[in-house]
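For the protein sequence lines, the chains are A and B, in the order given. Note that the UniProt record's numbering numbers the first sequence so that position 66 is 66, with each residue one more than the last. Note that the UniProt record's numbering numbers the second sequence so that position 171 is 171, with each residue one more than the last.
Think of the hints as simulated: they come from the structure by calculation, not from any bench. Treat the hints with care, since some could be wrong.
To be verified - Once the Cα atoms are required to be at most 30 Å apart in a straight line, the calculated DSS-like pairs of lysine-lysine come out as:
#1 B/Lys3 - B/Lys109
#2 A/Lys178 - B/Lys26
#3 B/Lys108 - A/Lys178
#4 B/Lys72 - A/Lys178
#5 B/Lys109 - B/Lys75
Stated by the list, open to error - If you want the footprint, here are the derived chain A segments under chain B, 3+ residues with CB under 8 Å:
#6 178-185
#7 191-204
Claimed, not checked - If you want the ones that stay clear, here's a sample from chain B, every Cβ over 12 Å from chain A, calculated:
#8 Lys21
#9 Met199
#10 Ser207
#11 Arg208
#12 Val232
Don't be surprised by glycine CBs; every beta carbon is placed ideally from N, CA and C.
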Amino acid sequence: MNMKTLHGFALAGVAVVLLACAPLLISDYWTGVLLGMTGYVTLATAWALFSGPTRYISLATVAFFGVGAYTVAVLNEVMPYPLVLLCAAGIGMIMALMVGLSTLRLAGVYFVIFTFGLAELVRQTVSWWEVNVTYTMGRYIFLPFEGRHIYWQLLALAVVTFLISWAIGRSRFGLALKALGDDETVAAHAGVDVTRIKLLLFVISSTIITLVGAIQAPRWTYIEPSIVFNPTVSFMTLIMALLGGAMRLWGPLVGAVPLFLLFEWLSVSFPDHFSIILGLLFILIVFVMPNGVLAKIDDLRKGGRT
Amino acid sequence: MSKPLEIMNLHKRFGGLVAVKDVSFKLQPGEVVGLLGPNGSGKTTVLNMISGALPCDGGTVRIGGTDITMMKPHKVAKHGVARTFQLVRPLPTLSVAENVQLSLAFGKKRHWGREARALAEEKLAFVGLEGRGDERVGNLTYIDQKRMEMARALASEPDLLLLDEWLAGLNPSELRIGIDLVQNLQGQGMTVLLVEHIMEAVRALCSRCIVMSAGEKIAEGPSAEVLQEPAVIKAYLGDDHA
Ligand SMILES: Nc1ncnc2c1ncn2[C@@H]1O[C@H](COP(=O)(O)OP(=O)(O)O)[C@@H](O)[C@H]1O
Ligand SMILES: [Mg+2]
Chain A
1 MNMKTLHGFA
11 LAGVAVVLLA
21 CAPLLISDYW
31 TGVLLGMTGY
41 VTLATAWALF
51 SGPTRYISLA
61 TVAFFGVGAY
71 TVAVLNEVMP
81 YPLVLLCAAG
91 IGMIMALMVG
101 LSTLRLAGVY
111 FVIFTFGLAE
121 LVRQTVSWWE
131 VNVTYTMGRY
141 IFLPFEGRHI
151 YWQLLALAVV
161 TFLISWAIGR
171 SRFGLALKAL
181 GDDETVAAHA
191 GVDVTRIKLL
201 LFVISSTIIT
211 LVGAIQAPRW
221 TYIEPSIVFN
231 PTVSFMTLIM
241 ALLGGAMRLW
251 GPLVGAVPLF
261 LLFEWLSVSF
271 PDHFSIILGL
281 LFILIVFVMP
291 NGVLAKIDDL
301 RKGGRT
Chain B
1 MSKPLEIMNL
11 HKRFGGLVAV
21 KDVSFKLQPG
31 EVVGLLGPNG
41 SGKTTVLNMI
51 SGALPCDGGT
61 VRIGGTDITM
71 MKPHKVAKHG
81 VARTFQLVRP
91 LPTLSVAENV
101 QLSLAFGKKR
111 HWGREARALA
121 EEKLAFVGLE
131 GRGDERVGNL
141 TYIDQKRMEM
151 ARALASEPDL
161 LLLDEWLAGL
171 NPSELRIGID
181 LVQNLQGQGM
191 TVLLVEHIME
201 AVRALCSRCI
211 VMSAGEKIAE
221 GPSAEVLQEP
231 AVIKAYLGDD
241 HA
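Take these sequences, add in the hints, and give me the full structure.
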């Protein structure tokens, strides 16, 4: 490890300690904001882990997120909390394996449509099951957590996600991922087991996303499918990662923080026009900086020098 | 370090079209053999079947005694077969060195880190791209992209190299450089199957040639003799010249 990496780690460590102490100093309202932000930073970073280098744009984020939340809602009264989280991770992993095996052959827009359809399918299935089999419209989650407890769990998950992303980026799998994003055929002929690497990354990314849903679930107290399977979650995650730059470690973070604050403000100030504004923002980002803010800044810097 | 290649009764259909029909041939270790034939005669399809890019409809491919017929491309690569593409295919997100490091990391051995970087430089130097590792591939000229693709192929430490019109599109002086490069490989004992249209290159490099026409092998033998055969002239130039 060189000096620059060490400095990076030291700086990140200090930031994490400060962030962990924050709830002791700020109001509950702001802890709630911080909680939501950390959730989205983790979602966007986990999303970019797979979708950034491979360029497989997934809209299945909320399918995994919602399944995580529902697992907690169903199991929180029958087993201890850590075991519930473990179950959620396991279910997310198995679901990702099945989805991955059946869809990672699809290319480009077909994958996007499939993942969007998948999220709807999961939502409809859960709704149908609750109405026709368990006769429940919604579920209550009674766990003795305050905002800050949930926030600390999310912060820990965010740290783990960054470490995973950093480690993959430095490994030969990171190189393979970038290569197969460019040209799967070339990567395969260079010796890369394209299917397996895509599947592996999809499973890691989806498991983290499932855990975000699981950890955040107690926040709602009452959940139903329309709440935890809201497609806006998938779109916001995508926009955040793209704004910051899905090919870089810090990209999703750089995109998620300002956008989360903006969305908070918009949803309070313009609740009726929220989705239109979201759509417009999305188009703007894709057209103005398809590679994200960080890449844009790099370009501008280089342009300034020469 | 080279292994023989043996192809028996290779067969490929695309819908109603028989693109490759019962093609068999062998390459001895260290041989550089030309695979010739007019456009659409099935040469690239043969290379695709050897390298695992396309599944065969029939026949077998053996490398050094191992049956690799239905293996996926990444497995074939690990068994020592490397290739270039008819239309050069650089990986634009990766730097020049990273393009080469990919094959080093996933080829026969797992080279990674500083050692891999040094080996990549070595391969780049061999193809004439010394010290260019940090450049973007998008900034390379056409011939330099072809060189990089060669370095990438060599980095997996292959026993057999498949070159699909690797010399096409080069100007005369570049062609000279390209031919010298393949001759260097030949000097190192590499087995090469060379799909080529440029007769100057075929004469300079290939002791033997295989000629295909409409999916079938129509001739095989020492280059000078094969290129004189009426069937070959007819396939290339049409009936009038036969
Ligand atoms: N993937 C494919 N799908 C359908 N037809 C193909 C495919 N690849 C090649 N062909 C057809 O097979 C024949 C042989 O093509 P090819 O092997 O590329 O010839 P060559 O390399 O000798 O010019 C051509 O008629 C071509 O159109
Ligand atoms: Mg061809």
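Here is what the structure says about each hint:
1. B/Lys3 - B/Lys109: Satisfied, since the Cα-Cα distance of roughly 17 Å is no more than 30 Å.
2. A/Lys178 - B/Lys26: 37 Å, violated
3. B/Lys108 - A/Lys178: 20 Å, holds
4. B/Lys72 - A/Lys178: 20 Å, holds
5. B/Lys109 - B/Lys75: 13 Å, holds
6. 178-185: This one holds; 6 residues, not fewer than the three required, reach chain B with a Cβ under 8 Å.
7. 191-204: holds (count 4)
8. Lys21: 25 Å, holds
9. Met199: The assertion about B/Met199 holds, with a minimum of 28 Å to chain A.
10. Ser207: 26 Å, holds
11. Arg208: Holds: least Cβ distance 25 Å, greater than 12 Å.
12. Val232: Holds, since 30 Å exceeds 12 Å.
The earlier numbered hint that this structure contradicts is number 2, and it is the only one.
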